[in-house]
Amino acid sequence: MTKFFTSSIGQKFFMSITGLFLMMFLVVHLTINSLLLFGDGSLFNIAANFMSSNIIMKVIEPILALGFILHILYASYITLKNRMARPQNYLVAGKTNVSWASKNMYILGGLIFIFLVIHLANFFWKVKFGTVAAISYDGGETELHDVYALVAGLFKGWWWYDVLYIIGAIFLFLHLTHGFWSAFQTIGWDNNKWMSRLKVIGYIYSIIIAGGFALIPLFFLIKYVV
Amino acid sequence: MKIKLNIWKQANAKAKGKFEKYELDGVDEEMSFLEMLDSLNEKLIKEGKEPVAYEHDCHEAICGSCSLYINGRPHGPGDVIATCQMHMRSFKDGETITVEPWRAKSFPVLKDLIVDRDAFDKLMAAGGFISIDAGQAPDANANLVSKIDADKAFDAAACIGCGACVAACKNSSAMLFVSAKVSQLALLPQGKIEAKRRALNMVAKMDELGFGSCTNTGACEAECPKGIGIDFIAKLNREYLCASFTEAE
Amino acid sequence: MSKLDAKIPEGPLAEKWTKYKASMKLVSPNNRKKLDIIVVGTGIAGAPAAASLAEMGYNVKVFCFQDSARRAHSVAAQGGINASRNNKNDGDSVYRLFYDMIKGGDFRAREANVYRAAEVSSNIIDQLTAQGVPFAREYGGTLANRTFGGVQVSRTFYAQGQTGQQVLLGGYSALKRQVGLGKVKMFSRRQMLDVVIIDGKARGIITRNLVSGEIERHAAHAVVLATGGYGTIYYLSTLAVQSNGSAAMQAFRKGAFFGNPSFIQIHPTCIPVLNEYQSKLTLMSESLRNDGRIWVPKSKDDKRKPNDIPEEDRDYFLERRYPAFGNLVPRDVASRAAKERCDNGFGVGKTGLAVYLDFSVAVGKQGEKVINGKYGNLFDMYEKITGESPYKTPMMIYPAGHYTMGGLWVDYNLQTTIPGLFAIGEANFSDHGANRLGASSLMQGAGDGYFIAPYTVSNYLADEISTKLPSTDSPEFVEAENSAKALLDKFLSINGTQTATSFHKRLGNIMWNFAGMQRNEEGLKKALGMIADLKKEFWSDLKIPGKTEEINQELEKASRVADFIDLASLIVTDALNRKESCGAHFREESMTEGGEALRIDDQYSFVAAWEYQGEDKEPKLHKEELKFENVEVKVRSYK
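Residue numbers (the numbering used here), protein chains in the order written: chain A, 1 to 226; chain B, 1001 to 1249; chain C, 2001 to 2639.
There's no promise every hint is true.
[Stated by the list, open to error] Computed cross-link-like contacts, BS3-like style, restricted to lysine-lysine with a CA-CA straight-line distance of at most 30 Å: (1) C/Lys2025 to B/Lys1092; (2) C/Lys2300 to C/Lys2339; (3) C/Lys2339 to B/Lys1004; (4) B/Lys1049 to C/Lys2300; (5) B/Lys1122 to C/Lys2490; (6) B/Lys1018 to A/Lys81.
Think of the hints as simulated: they come from the structure by calculation, not from any bench.
Model, not experiment: these values are computed from the prediction.
Just chain A, same shape as in the assembly (with noise of 0.2 Å):
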């Protein structure tokens, strides 16, 4: 097993791994951002209070934050390992008929990465460590961070914000389309007849996934900036 952790599959299985992980973190993230679309807010409010508080996520927090880490991590190292694989370049550039995005996880995570730190400051910092008007559904008896206000003034406020959200979910689009299919390689769950099947199921993913991030700056450049 220690042999594991050094090996090149050992360490691929941890991108996998890692990989998953987060996309299943992007599902629930989606879903409560899915409800910025309806109402007034409330229900945005009392679902991103709820996730902020309940106990489970705070433990789930540090270990999304390790898998962000070790995805980021072990990305960085094979990418290095695999570039000192090949020292000399060809002078033509591989033609070889493949997807982009397969050749470029690396760039499009780092764009990723890029976004994320915007994202992170926009909204996560802003929480946690900065001041959030507080508002109260029940007549004042709890109040809560209307995040609501947040995300509605970002997108309202400032139309480029918009489309850099947009821009950062067409990284996650190009990135999830092979990611997803890829970390099933990788554990071995593929064979002939489930190639082609994952690959169509990552499409989907990454569409709703990439489609649904996008819609929420859309919808608000639409309804209030346009």
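Fit chains B and C to the known structure of chain A by using the hints.
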């Protein structure tokens, strides 16, 4: 037809190489690519110049000697094809053709377009076999093998060891090569006995030899002259994970 | 005659090998590690021999000129491997396989050797299967069989159309296992330059490292040559372009006899020559003739496209000449008939050296899908090479040099006339007589490698256990290295104007025209003169660029061509001497009224073993009389 060639020339493993430009007239579109190179060499020798060194032998896409990276693709344009079966009709009159050797740390260039693929032999010596001596074999029909498994094992065993998978992969990964051998033998009852050991040893050797890891781009499958699929890589992952978790070290 | 002792064991045919094995001398396991063996060549004979000897405990050094042992040309065998297992319950037996081989070889092979080859055939299938060779299976899980040319039982085991590859990789994996275990030392990218003889025994070889150019000396207690055939003597053949006869010629020059050099099989169905630059001909499996019809236009110089030529203007010459067998006559007959048509101006294609192999009737009757199932991979290969689809246009085919039945003369132990020098697989002459049956080359090579050489080499080594490994500084090694070096320097010093390949092409032309499918005295004599002239020209006008201390592919070619030129003389000399027609050797002076091959058993029922007499001197003929005690010698007829 007339073609322009841009070919990697390197005197030996230690020398610094560079691209050399050639022009060749009177190329027949019925010529194979290798015959075109032969005629270039004949011309160069007669002109007192150094011919281009490259490897080829069977010309039937089975020995795996050819190792030319042509216009950005191992074995050139066309799918499920080795360089030796590619003909000049795949190119246009006046076209510039760039020919490079396989590029990988594990496949050092020995001269011009010749690379050292000894790493593949080392991988095989690390576990690409079933441990049985001559004379020990039971009756061939004593172990029944389902036709589906036998056919699948054959698909994996069709590998010609040319190294196009490594050359095509942006990571210079040898996963397709290793997975084909591990899968072939793991699919057969006689190979299952040491399947775990084989997977562990071959992957360890692969890492040791400096090949990159698999990022599932599928370039290897797209360029394999025998059409070996990356579902075998999934099988290798499965075999390796399973072996790592269960086999005592 | 005195020197030729085939050492065939006494006793009934079926018991010879078993009894002989029981009486052979053995080497105890602790002595085996003191003995070194050199194996040259890693094909279907060499790889298994090396692996098997290493498994027994000997120290084995293996050499091949390719970058990897897996690339030996056995890899290109397509159809299958025979074994007398009677798996189809159709009456097969060791005797029947033996008889088919003797008859197929036109009664010019040694009974005892052929019987042994048939006897070990079944074990080969067991061994290969145990090594993981994915032979075709029935749905029930048992091994599948197919029928192959010219026999009445179904005894051919196969792995799609790549049996040679799979069988070779079985041997290769066994070899790699021994490399991993440290019992085999692998020397790839080495060209053998000479065999070293000390006190009359083979004690080592001289090689050139093809990467560094370094000349190396390797000593051993025995040397096994598994260096394959020399069909590339024709330049264009179905063989890999680097296949050569150099090791055999080196052994010949050092005193090993050469057996039946002129017995070379010409395969009828190959993709014809497309242009003057062509370096290789591609085999299209014999099985295509099951559904394809061979024809040429009835009138000379008919320039119409094949599909535009109406039925009444086509000449299905095989069906016309051989109504009983039609398109399924044996290889030699089909080859000669195609050559006859082309020589008379009826050939098709750009060069006029091709005939059509037409599948339109079969595609029409059976449908494209069924035909695809049978020949899909061959049709694809044909289309890749020629750019034409055989489903739509008839294939063009022409015969090409394929397999050499001749080779180094060996006794029952597979030992040449030099003690300690063994020749196995296609490199020896022993099992196929004057013509080889389909799917029996893998069988013979693997049999020699797995189950015969390990016994007979041990038997030889039993007397060598107290012999110390000869020093590579001994005068014999020094001398061999010096002459090898001198030869290489000579190639480089000529500095003429013609390339090695251009000489090879010209030699191939001479051989193809005068010592190919059909031979006659006048032509052969002419060829001898032409070869001598070519040799003079070669040694005065050869141009080899570069130097010896580097990868120099032209230098490699030159040394192969130099050996081919001498081998060509030997082949022609043998063909001249054998004034009968038998198997692949067709002398126009010896044919029936109907134009078929005519054997002359009372004069030529012998193996011609040639002894080297010196540079450019006619070799001396030794005859090994062939005795047929277990079969009746008959005439083959296909009308």
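Do the hints match the structure? See the list:
1. C/Lys2025 to B/Lys1092: Violated: C/Lys2025 and B/Lys1092 sit about 66 Å apart, past 30 Å.
2. C/Lys2300 to C/Lys2339: holds (15 Å)
3. C/Lys2339 to B/Lys1004: violated (39 Å)
4. B/Lys1049 to C/Lys2300: violated (45 Å)
5. B/Lys1122 to C/Lys2490: violated (37 Å)
6. B/Lys1018 to A/Lys81: OK: B/Lys1018 and A/Lys81 at ~26 Å, within 30 Å.
Checked against the numbered hints above, the structure breaks hints 1, 3, 4, 5 and satisfies the rest.
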